[in-house]
Structures are given as structure tokens and as C-alpha cells.
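Those protein sequences? They're chains A and B, same order as listed. Whatever position you read off the first sequence (first residue = 1), add 30 for this note's numbering. Whatever position you read off the second sequence (first residue = 1), add 7 for this note's numbering.
What the hints contain is simulated information worked out from the structure, not anything from laboratory work. Hints are not guaranteed to be accurate.
[Said to hold, decoys possible] Simulated pairs of lysine to aspartate or glutamate, EDC-like, Cα-Cα distance not exceeding 20 angstroms:
| # | chain 1 | residue 1 | chain 2 | residue 2 |
| --- | --- | --- | --- | --- |
| 1 | A | Lys88 | B | Glu153 |
| 2 | A | Lys55 | A | Asp271 |
| 3 | A | Lys82 | B | Asp148 |
| 4 | A | Lys82 | B | Glu191 |
| 5 | A | Lys306 | A | Asp271 |
| 6 | B | Lys188 | B | Glu47 |
| 7 | A | Lys114 | B | Glu153 |
| 8 | A | Lys89 | B | Glu153 |
| 9 | B | Lys188 | B | Glu46 |
| 10 | B | Lys89 | B | Glu46 |
| 11 | A | Lys298 | A | Glu263 |
| 12 | A | Lys114 | B | Asp198 |
| 13 | A | Lys115 | B | Asp198 |
| 14 | A | Lys306 | A | Asp270 |
| 15 | A | Lys55 | A | Asp307 |
| 16 | B | Lys188 | B | Asp198 |
| 17 | A | Lys82 | B | Asp198 |
| 18 | A | Lys298 | A | Asp270 |
| 19 | A | Lys303 | A | Asp52 |
| 20 | A | Lys235 | A | Glu263 |
| 21 | B | Lys188 | B | Asp149 |
| 22 | B | Lys55 | B | Asp149 |
| 23 | A | Lys89 | B | Glu187 |
| 24 | A | Lys303 | A | Asp271 |
| 25 | B | Lys88 | B | Asp148 |
| 26 | A | Lys115 | B | Glu153 |
| 27 | A | Lys303 | A | Asp269 |
| 28 | B | Lys89 | B | Glu47 |
[Unchecked claim] The calculated label-pair distances, taken between Cβ atoms and stated as ranges, are:
| # | chain 1 | residue 1 | chain 2 | residue 2 | range |
| --- | --- | --- | --- | --- | --- |
| 29 | B | Lys188 | A | Gly87 | 18 to 26 angstroms |
| 30 | A | Gly87 | B | Trp121 | 54 to 62 angstroms |
| 31 | B | Gln10 | A | Ile77 | 35 to 43 angstroms |
| 32 | B | Phe58 | A | Ala49 | 40 to 48 angstroms |
| 33 | B | Thr235 | A | Met85 | 56 to 64 angstroms |
| 34 | B | Phe43 | A | Phe66 | 21 to 29 angstroms |
| 35 | A | Ile127 | B | Lys293 | 30 to 38 angstroms |
| 36 | A | Asn264 | B | Phe111 | 42 to 50 angstroms |
Computed from a predicted model, the values in this text were never measured in an experiment. For glycine and all other residues, C-beta sits at the position ideal for the given N, C-alpha and C.
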Amino acid sequence: MIRFIILFGFMYLLFHLHATGDISKYINMRYAYLTFIMIFIFAFMSIYQLIKWNMQGKKDKKEEEHHHDHHGHDHSHDENTIWKKFLVYGLLLLPLITGIFLPIATLNSNIVKAKGFHFAEIDNDKDPYANHGILRPNTRLYYSADAYEKMSVSDRKKYDSGNILALNDGNYLRGLETVYNFPGDFTNKTISMRGFAYHGDATSKNQLFLFRFGIIHCIADAGVFGMMLKFPENVNYKDDDWLQVQGTMSTVFYQPFQQTIPVLNVTKWHVIKAPKDPYVYRPY
Amino acid sequence: MVQSLLQLNSIFISLVIEAVPFIVVGVFISAIIQIFITEEMIAKFIPKNRFFSILLGTCMGSLFPACECGIVPITEGLVRKKVPLHAAIAFMLTGPIINPIVIFATYVAFGNSWEMVIRRCSLAIVVAFIVGLVISYLFNDDQLREFINKKAQKAQSQVNKKKHHHHHDHEHLHSMTTMEKVKEMINHALDEFFSVGKFLVIGAFIAASMQVFVKTSTLSFLGHTVATSILVMMLLAFLLSLCSEADAFIASSFRGTFATGSLTAFLVFGAMVDIKNLIMMLSTFKKRFVFTLIASITVVVFVGSLFGSLFI
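One chain only, chain A, in its complex shape (with noise of 0.2 angstroms):
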């Protein structure tokens, strides 16, 4: 009977999750095919687990009523003793509990700290003594596909044909990633985004900086990509407070990094509330 309760526990949670939409909040969407195909998968198995405990009572039963004798069948399984099955079936019923009851929570500042960020590296970056004591790889290596060229060659024109780069929730990775890798481009040039502030340690009061999480897979393996702000003026936003930005770029050296980073000179920029879907997924 656990049994059952557990396999229909886990089809009702992915079903519950792709009714509601909150999928979105765990895994990216285009796995979500994965899950959807195992609702139906567990609602064959918690009726095939349920008609087996059925018919095995029918059955214990009636070799009752038989006074049957059964040498050597022991009806304990691996979990045989009370204390082990509550441990075992216990764990399976936990991530459906705490899943279906407890608030799903996003991801922000708090995980960022944990977590870390990193910056890809700039081409563009002269200064041979910038990256002392941090091994640096030659990046070009990965280029050196000329169908890489061709796609950031295509997203760069997509992205570099106006003086505006707004970025979205569409093109929030790809945009980045186009920004970091011909930042020369889009110098001077208009970049609009939001995300939520982050301030790290050694930013001053008007500098902090913009993130949002990317997923790639699922939750665990979402990263924050996000750009350094600089404000002309002293601002008092905490973490976690989202920003809509817009201003020009430039790059700064960064001192904890020990490398050149894009940072973008904000113009214009007022709070805003949390959008519905926080995250930004990444698209093959």
C-alpha cells in the first residue's frame, strides 16, 4: 500500500508541477517532455502496483483460510523490519512531501554567495601581467571552429545591428554571451537589460551588479550571468532588488577578478517587481 502511495505520490507531483507551471521553476523547459511522458509512466505503475496488492491479499488470504504451508517462504522483504521500511519508504516520501507542501523558492543573492560567479575571459584583454597567478587558458582554442564563428558571427550581427541591444528573456544568454565575446563591438553602444543587484565585496556604493540565473538542465546546474553596473550617482538598493537598466558600455578592470570586465554606465534605471518566471533558460 506505501508503495502505491509513493508511485501515485510522484505522478501527482509532476502533475501538479505541469498543471501549475511551476515545472518552469525546477527544470528547463525543454526537458519538460521527460517529466510529462513520466506521469503517465507512474500512473501505470501505482495501478499495476495497486492490483498486485490486491490480488496478493486475495491470495494470502485464501492460503490462509488453506492453512497452506509454506516452508521457507519468508514474507519479509529486503526491508524487513518496521524501523528499516519506515527509513526506506520514509526517504522515497520525503522529496514528495516537502515537493507538494513546501513553498517552491527561487533562486537568488543568497545562493549567488554560495555559488560564485564567474566572467568569461575578454579577448580583447592586452594586458599580458593582468592574469598573474590565474591560469590562463588560450580561449581562441575553443573558437577555432569555424561553425562557432559562423553562429556568434550571426548572433553578432542579430545583436550589433542597432545602437540598442534590449535584452530579454529570450536572448538574455546568447546576448550575454555575444557581449562578452566581441565586447569591442558594443562599446559605447546602448545595452538594456534587468536582473536582480548583487553587490560583491569590493564593488563602492555605486557599483553593483546585475544577474540572472540561467538554467540549463535544472536548478542544480543553474549559473548567474549578469553584467557590472555602475551607477552615476550613490544608490541603496539591497540584493534581490530587481532593476530595469539601460546605459552604454564600457569595460573596467576588475580588481578581484584580476581581469577586464564589461560594465555598463547606467543612464537610466527604476525598480521592478520580480518577474513571474525568474529564470532565463538556455536554449541549444
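Let chain A serve as the given structure and place chain B on it in line with the hints.
Just chain B, lined up with the frame of chain A:
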């Protein structure tokens, strides 16, 4: 604190949701092996020579799409069917790395370039082969934990008993009707799901806690020399417990900080050993064997990626 716990829970749930489809596929394949493939078929198929059988295991792993947690029950099923342990281990090590989905993900993550794909796959093959060889010299028997053998025996005796009940005179599984076989297969898959599932839950929970409470960012500053940075990336791969389809994207985000050799180590080691599948391996195989296996994987991955970053 409450917020951290809720985030921990969300990451935990997402790891479980992400892995469950692969686990279910894994237990069904394991059940199919258990019911439809006989030991005689395997004995005919697997070469006696240890080199060839390891080679065959490596190739089978390359053809077989699975992730590192789904493959553990499959390997268990193979070993129970008397596939030589070293061949099964070679299969287990290449399965999660060399398959179309993972290759494609790696190709895309590293800017549509084959270089990382080739490095990752060739190191995986080398590791699987050498580790398989080491295992074949160190261990002779199947190294499954006792209760798994007991479980198998019990299943066998139950089948026999059932036959006794129904006054069947048949001796073996292959005399069952297809319907019975399918039923037996589903029963098997369900049992396996419950025995593997709990370890997935424990593993996912530990991995989620690591992500929330351990500052992995500090790790990246430890990697100053080629050797230490490889070790750091291997440790990181172990702690993060990413699925082998997603880890390429994480690795590519470390491009600025770590050299190619360390990234290769991350991609190969993480797909072979991580918290999630360590717990699952411990549930299947004997402790001494699992730790020998991990130690040899660690050494070979380390030496291999060191060699790769220095000479290739």
C-alpha cells in the same frame, strides 16, 4: 536560514525530478536484462580474454545512452547475469559520457567545437579501459553486496515456488509465457525502483546541501598550478553531482578560470563518480570494491588529464 532551507529543498526536488526519468528507464532496462537475457546468451557473447571483454564493455557503453545514476542498476543487472565485473565496470564508466546526447551537449557548450568532445571521450575510453584492467586483476568475483545475491536467490526461489504451486514442471525462466515474463519484469522494475530510489534521494539531498552551504566559489581560487587545478575541478565535479548532460555547460563557464586539462578532468570524473552515484554504487557493490574503483578512477583521470594538458 529558512530561505536557505527552502532553496535547499527546491534544488533537492529539482535534482530528484531531473534524475527520476533516467532512473526509471534504468530500472526497466535492468529488469529486461534480468528476465529476457539468460546467462548462456551472455557467456556466448562475452569473450573469455580479459582485454577483449573490457574492450567490448567499453564499446557497449559507448553505444548505450544512459546517465551516471541510471546506469548503476543496469550494471548491477549485468553483473548478476554473470557478465565479468571488469567488462561491466568498463560499460558503466563509458555509458554516461559517450552517447549522442552528452556529445551534442558538450559540442554546443564549448562553442560548437569538437576539441572538448574528443578530449572528453578519449580520456573516458582510456580511463574505462585501464580501470577495467585494474579491476580484473584485483577482483575475481562479482563484488555485489550479499543482500543483492540473496535478493536474486529469493526471487528465483519464489519463481520456483510459484511454479510448484501451479504444478508446472518447467525449470527455467525461459519456459514462462511472454505475459508472465512481462509481469515478472514489471515486478522486478518496481522492486528495483524502490531499492535504488532511496539512494537517489539521499544523494540528491547531500548534493543540494553542498550547493547551498559549501562555498564552491572559494575552491576555484585554490587552483593555481596545473596539478592542483585538476584536483580542484575533480572535487568540484564530485560535489556538484551534475547530470552528464548538463555538466558541459557548467564546465564551459569555468573556461576563464581553468585550463583545458582541468575542464576535461571535471567532465570525465564528474560523469563517472559523484555524490549521487557513489551512494548508489555503495548500495550495490561491496565497500572495499567501490573505494578501490574510485581510487583507480581518480588516479587515472588525474594522470590522464595532466598528460593531456602538458603534451597534447
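The hints, checked one at a time:
1. Distance hint between lysine 88 (chain A) and glutamate 153 (chain B) is unfulfilled; the C-alpha atoms sit about 32 angstroms from each other, more than 20 angstroms.
2. Taking the CA atoms of lysine 55 (chain A) and aspartate 271 (chain A), the gap is near 19 angstroms; set against the 20 angstroms cutoff, the hint holds.
3. For the suggested pair lysine 82 (chain A) and aspartate 148 (chain B), the alpha carbons sit about 36 angstroms apart, so the restraint of at most 20 angstroms is broken.
4. Under the criterion of a C-alpha separation no larger than 20 angstroms, the hint pairing lysine 82 (chain A) with glutamate 191 (chain B) is consistent with the structure, at around 11 angstroms.
5. Distance restraint check for lysine 306 (chain A) and aspartate 271 (chain A): the Cα-Cα separation of roughly 14 angstroms lies within the 20 angstroms cut-off, and the hinted pair is therefore satisfied.
6. For the hint linking lysine 188 (chain B) to glutamate 47 (chain B), the alpha-carbon distance of about 18 angstroms falls within 20 angstroms, and the restraint holds.
7. A hinted pair counts as satisfied when its Cα atoms are at most 20 angstroms apart, and lysine 114 (chain A) with glutamate 153 (chain B) qualifies at roughly 17 angstroms.
8. Simply put, lysine 89 (chain A) and glutamate 153 (chain B) have alpha-carbon atoms about 30 angstroms apart, too far for the 20 angstroms limit, and the pair is violated.
9. Pair hint lysine 188 (chain B) plus glutamate 46 (chain B) holds up; C-alpha atoms about 16 angstroms apart against a cutoff of 20 angstroms.
10. Restraint check for lysine 89 (chain B) and glutamate 46 (chain B): satisfied, since their Cα atoms lie roughly 6 angstroms apart, inside the 20 angstroms limit.
11. For the given pair, lysine 298 (chain A) sits about 12 angstroms from glutamate 263 (chain A) by alpha-carbon distance, which is consistent with the 20 angstroms threshold.
12. The straight-line distance between the Cα atoms of lysine 114 (chain A) and aspartate 198 (chain B) is roughly 15 angstroms, inside the 20 angstroms bound, and the hint therefore holds.
13. Proximity of lysine 115 (chain A) to aspartate 198 (chain B) is assessed by CA-CA distance (about 13 angstroms); at most 20 angstroms being required, the pair is judged to hold.
14. Restraint check for lysine 306 (chain A) and aspartate 270 (chain A): the C-alpha separation of about 14 angstroms stays at or below 20 angstroms, so the hint holds.
15. Of the pairs offered as hints, the one joining lysine 55 (chain A) and aspartate 307 (chain A) holds, with about 8 angstroms between alpha carbons and a cut-off of 20 angstroms not exceeded.
16. Restraint check: the Cα-Cα separation between lysine 188 (chain B) and aspartate 198 (chain B) comes to about 15 angstroms, which is no more than 20 angstroms; the hinted pair holds.
17. A hinted pair counts as satisfied when its Cα atoms are at most 20 angstroms apart, and lysine 82 (chain A) with aspartate 198 (chain B) qualifies at roughly 13 angstroms.
18. Simply put, lysine 298 (chain A) and aspartate 270 (chain A) have alpha-carbon atoms about 19 angstroms apart, close enough for the 20 angstroms limit, and the pair holds.
19. For the hint pairing lysine 303 (chain A) with aspartate 52 (chain A), the CA-to-CA distance comes to about 19 angstroms; that is within 20 angstroms, so the pair holds.
20. Under the criterion of a C-alpha separation no larger than 20 angstroms, the hint pairing lysine 235 (chain A) with glutamate 263 (chain A) is consistent with the structure, at around 8 angstroms.
21. Using a Cα cut-off of 20 angstroms, the hinted pair lysine 188 (chain B) and aspartate 149 (chain B) is violated, with the two alpha carbons roughly 25 angstroms apart.
22. For the given pair, lysine 55 (chain B) sits about 16 angstroms from aspartate 149 (chain B) by alpha-carbon distance, which is consistent with the 20 angstroms threshold.
23. Restraint check: the Cα-Cα separation between lysine 89 (chain A) and glutamate 187 (chain B) comes to about 17 angstroms, which is no more than 20 angstroms; the hinted pair holds.
24. Between lysine 303 (chain A) and aspartate 271 (chain A) the CA atoms are separated by roughly 8 angstroms; this keeps the pair inside 20 angstroms, and the hint holds.
25. For the hint pairing lysine 88 (chain B) with aspartate 148 (chain B), the CA-to-CA distance comes to about 13 angstroms; that is within 20 angstroms, so the pair holds.
26. Distance check on the hinted pair: lysine 115 (chain A) and glutamate 153 (chain B) sit about 19 angstroms apart at the alpha-carbon level, within 20 angstroms; holds.
27. As the CA atoms of lysine 303 (chain A) and aspartate 269 (chain A) are separated by approximately 14 angstroms, the hinted pair is consistent with the 20 angstroms bound.
28. Between lysine 89 (chain B) and glutamate 47 (chain B) the alpha-carbon distance is near 9 angstroms, which keeps this suggested pair within the 20 angstroms criterion.
29. For the pair lysine 188 (chain B) and glycine 87 (chain A), the beta carbons lie near 24 angstroms from each other, so the given range of 18 to 26 angstroms is met.
30. Roughly 58 angstroms separates the CB atoms of glycine 87 (chain A) and tryptophan 121 (chain B), a value that falls within the hinted 54 to 62 angstroms.
31. Between glutamine 10 (chain B) and isoleucine 77 (chain A) the beta carbon distance is about 39 angstroms. The supplied range of 35 to 43 angstroms therefore holds.
32. Distance hint check: the CB atoms of phenylalanine 58 (chain B) and alanine 49 (chain A) are about 54 angstroms apart, inconsistent with the given range 40 to 48 angstroms.
33. The hinted window of 56 to 64 angstroms between threonine 235 (chain B) and methionine 85 (chain A) holds, with their beta carbons roughly 60 angstroms apart.
34. Taken as a hint, the range 21 to 29 angstroms holds for the pair phenylalanine 43 (chain B) and phenylalanine 66 (chain A), whose Cβ atoms sit roughly 28 angstroms apart.
35. For the pair isoleucine 127 (chain A) and lysine 293 (chain B), the supplied restraint of 30 to 38 angstroms holds, since their beta-carbon distance comes to about 33 angstroms.
36. At roughly 47 angstroms, the beta-carbon separation of asparagine 264 (chain A) and phenylalanine 111 (chain B) lies within the given 42 to 50 angstroms, and the hint holds.
The structure does not agree with the numbered hints 1, 3, 8, 21, 32 stated previously, though it agrees with the rest.
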